[in-house]
Amino acid sequence: MRVAIKVNGQECSSEIEPRLLLVHFLRSTLGLTGTHWGCDTSNCGACTVWLDGVPVKSCTTLAAMADGHEVKTIEGLESSGVLDPVQQGFIEEHGLQCGFCTPGMMMAARALLDRNPDPDEATIREAISGNLCRCTGYENIVRAIRWAAAHQTAQEGAIA
Amino acid sequence: MLRKEDARFVRGQGHYVDDVNLPGMLHSAILRSPYAHARIVSIDTSAAEAHPKVKAVITGKMLEDLKLAWMPTLSGDVVAVLATDKVRFQGQEVAYVVAEDEYSARDALELIEVDYEPLPAVVDAKHALDPDAPIIRDDLEGRADNKIYDWEAGDAAACDEVFSNAEVVVSEDMIYPRVHPAPMETCGSVASLDKVTGKLTMWTTTQAPHAHRTIYALVAGLPEQKIQVISPDIGGGFGNKVGIYPGYVLSIVGSIVTGAPVKWMEDRSENLMSTSFARDYHMHGEIAATKEGKILGLRVHVLADHGAFNGVAQPTKFPAGFFHIFTGSYDYPAAHCKVTAVYTNKALGGVAYACSFRITEAVYLVERMVTCLAYELQMDPAELRMKNLLRPEQFPYMSPTGWEYDSGDYPRALKEAMRIAGYEDLRAEQAARRARATEPGADPSTPLMGIGLSFFTEGVGAGPRKHMDILGLGMADGCELRVHPTGKAQLRLSVQTQGQGHETTFAQIVSHVIGLPPEDIEVVHGDTDNTPFGLGTYGSRSTPVSGAAAAVAAQRIKDKARVIAAAALECSVEDLEWEHGRWYVKGDPSQGKTIAEIAMAAHSSLELPEGVEGHLDASVVYNPPNLTYPFGAYICVVDVDPQTGAVKVRRFIAVDDCGPRINPMIVEGQVHGGLADGLGMALMEVIAFDPDGNNLGGSFMDYLLPTSMECPSWELGETVTPSPHHPIGVKGVGESATVGSPPAVVNAVLDALQIRHADMPFTPAMTWRALQGRPMRPDLAIE
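Sequences listed follow chains A and B, in order.
With my numbering applied, the first sequence corresponds to residues -16 to 143, in that order.
With my numbering applied, the second sequence corresponds to residues 284 to 1066, in that order.
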């Protein structure tokens, strides 16, 4: 079947098998490898992307379900060469180690800040509870998201 | 300093093995056994071979012809690459398919027909030695039982003497259940054999690229110089990516057979069912003491469940790894341990999961035994520990089992943890709560408060070559440091990062010695063609071993730079003084040369002093003189819901001493992560099996990892006791928190329940049962 999906603002049209998972469509068909495949059960969240602005687990979403819709991945988080405050926050507060869960974690974090620009710690912890991290113990991820909340405007001259 | 590596990770530009895509690359999948123990009667692959997108189907019988059906494990046992005679655990590799795409490869697995004759499975290690137990390893010649080894350490006679005269003896049985490292990235590889040049390039998820290369050479009979192992970004390792898995070897076979690059990536179920597990120690401990609480001796018998193949990554001379540093952090004269290892119908076990070779189990044992003793003596566990901790003046300290602890100030660390916790106030609060709970009309849903302590000492940084090797490969690590003409440097390391931040930390080590800014020092690792030989990253050995190599290399550069600077400044080396990054003439700071200027001179036509050939580089192999011994004191405060058994960690205080901290931010991050892993083991993680050997934890829906909701906000502290034999005094910290935290959490839960012992993990159901006096064996979820 043919699908037409707007990914990070760009129209992508492709002939796919109906059973193709969105995570594989993004990674293999489009070469957007920032979205990671960590489990097959929606538990780890490494594959979190946005479907029409809502975070979803792309390992349990069919690419066909995104037909005619808009997808945003980690590659689309940075705008005009400037890191999103969430990305900057993860650097500033050491919110990552191996980096494997990081893209999905940041997509969840950005979605939270879009609907709640000043979340408290409990809200942040709940918002990322569908994203597993085996390296950080979550402490610095929480701090990173708080940093981002406090620096909501994109940083000029970002360090990375 | 912020991490250099983050710039790519936050953009989704990390480059993991599954991101490697080569022109013409094929995909592959492994058919795995549904049985824990079964004879293979026949395998019919014809339907799979007829699939239009399938390029090759491989079975164990075909590998036998290539002499590739079996390969060595890291413990000198053998493991089937693909099962030939029978399967010995659920999830074992049975057949392999290479196809044009991953979906077709998995489709083809469904077309393979395997006729199995099921055999009774041995799941319980305690029954593995029964006279009528089925023999699991009948492939090994002369094998009449399931015992792998009996091994002991310490002085049994001295221990018996102490125990027979002791005023108090406490004994306890405990299980450290089977758990899984579960890195977020599963294992995988891309193998590409160039038939013209004969060169094999292997991208793979490994913590030890050089050791892997040597083993591929030995297994596949390929010339080692024609193998390049590249481990790009690795999505966490935790010991899971030390061993060589059949999938890696199969991707090489696939590339040889098809002539194309072949990718193999396991899915999460495969990762949880078939790659190395950790722990699985059934321990019997006995502790002897005086009535006043002075510990006199400890003896232990362990039954170690290694699964169907002994694949433990540990130094050859120590079958049970460093378990024999089980005497812990305390001063007593007598200790003895015996470890009996057995085969069972489970996947390979005993991987060094965030653990320096079984020290996690050792620390759990001693910290539980000491707490049991405190319970028996009705003594505060902090007071009992303080009474027995090694004193600073006893270092270097020779343990009862012959290990020389390098340095430490243990009482200071425990006092610091108690200070941060407000220990006296916590105990007062607990006493008040307990008093209120006994009053008439008390609310039965009031949480039970528990306070748990642990103190740990680890031996890390394996290790001295004369004592430690894996499969005959000594554990020294190399490094090469080059300062280029323009004063930019490159450091090439044998160890591999899996998220620890090596690119930052190692640049800082070099910067600290030679004064170049860390931004100007590029760290290269994870590529055997471009780095010197070494055994890789596990057992917290990177900073203690490779960090020392880097510091020594940098010092050699500094010394060489001094000779070149003296020639350039036309003075003698004795006339030069060092300030950060620069040699200058004593008494005249205006006359000097920076490292960058010296580097240019070293590569120039300037005439250099005799013996200096030019260039500014150094190559070092560091053979550590001893292990390093980081330590720490942890305190956990929990609230247990008496009606549901739910455990809430209210506070967790961790004081670590890993010597000087190169990058405090990275050290804290490592501790945070390790605490979460330890919390997971104490409260939720267990790979359980039913009596037929069915793995009951094959996905993240069943094998639970801690989320942001279960983890508290960690409270960290530190003391600093440098290692006297490490060039910059550092001890390593990668695993400390995972070693130290499980006993703290368990001690806290049991303190809340006011019982002496029950086995982790304390899931709500298990805690509730323990409250009712009905403990359940955690390794067997179904009674």
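Hint data in this document are derived by calculation from the structure and do not stem from the laboratory.
We treat Cβ as the ideally placed atom computed from N, Cα and C, and that holds for glycine.
Mixed in with the good hints there might be a few duds.
If we take Cβ atoms under 10 Å as the criterion, some of the chain A residues that face chain B in the derived model are [unchecked claim]:
| id | residue |
| --- | --- |
| 1 | -8 |
| 2 | -6 |
| 3 | -3 |
| 4 | 16 |
| 5 | 34 |
| 6 | 101 |
| 7 | 103 |
No farther apart than 20 Å at their CA atoms in a straight line, the calculated lysine to any residue pairs in the SDA-like style are these [as the list claims (entries may be wrong)]:
| id | chain 1 | residue 1 | chain 2 | residue 2 |
| --- | --- | --- | --- | --- |
| 8 | B | 350 | B | 600 |
| 9 | B | 287 | A | 61 |
| 10 | B | 369 | B | 355 |
| 11 | B | 287 | A | 55 |
| 12 | B | 600 | B | 798 |
| 13 | B | 336 | B | 348 |
| 14 | B | 336 | A | 2 |
| 15 | B | 841 | B | 931 |
| 16 | B | 369 | B | 348 |
| 17 | B | 931 | B | 795 |
| 18 | A | 55 | B | 1057 |
| 19 | B | 287 | A | 65 |
| 20 | B | 350 | B | 335 |
| 21 | B | 931 | A | 112 |
| 22 | B | 336 | A | 0 |
| 23 | B | 931 | A | 105 |
| 24 | B | 771 | B | 798 |
| 25 | A | 55 | B | 540 |
| 26 | B | 336 | A | 65 |
| 27 | B | 931 | A | 55 |
| 28 | B | 369 | B | 390 |
| 29 | B | 931 | A | 113 |
A quick look at each hint next to the structure:
no. : hint          : verdict
1   : -8            : violated, 16 Å
2   : -6            : violated, 20 Å
3   : -3            : violated, 14 Å
4   : 16            : holds, 4 Å
5   : 34            : violated, 17 Å
6   : 101           : violated, 18 Å
7   : 103           : violated, 12 Å
8   : B:350 x B:600 : violated, 28 Å
9   : B:287 x A:61  : holds, 18 Å
10  : B:369 x B:355 : holds, 18 Å
11  : B:287 x A:55  : violated, 26 Å
12  : B:600 x B:798 : violated, 41 Å
13  : B:336 x B:348 : violated, 25 Å
14  : B:336 x A:2   : holds, 17 Å
15  : B:841 x B:931 : violated, 53 Å
16  : B:369 x B:348 : holds, 17 Å
17  : B:931 x B:795 : violated, 43 Å
18  : A:55 x B:1057 : violated, 51 Å
19  : B:287 x A:65  : holds, 17 Å
20  : B:350 x B:335 : violated, 29 Å
21  : B:931 x A:112 : holds, 16 Å
22  : B:336 x A:0   : holds, 14 Å
23  : B:931 x A:105 : holds, 14 Å
24  : B:771 x B:798 : holds, 11 Å
25  : A:55 x B:540  : violated, 40 Å
26  : B:336 x A:65  : violated, 44 Å
27  : B:931 x A:55  : violated, 36 Å
28  : B:369 x B:390 : violated, 24 Å
29  : B:931 x A:113 : holds, 19 Å
Hint compliance for this structure: hints 1, 2, 3, 5, 6, 7, 8, 11, 12, 13, 15, 17, 18, 20, 25, 26, 27 and 28 are broken, all remaining hints hold.
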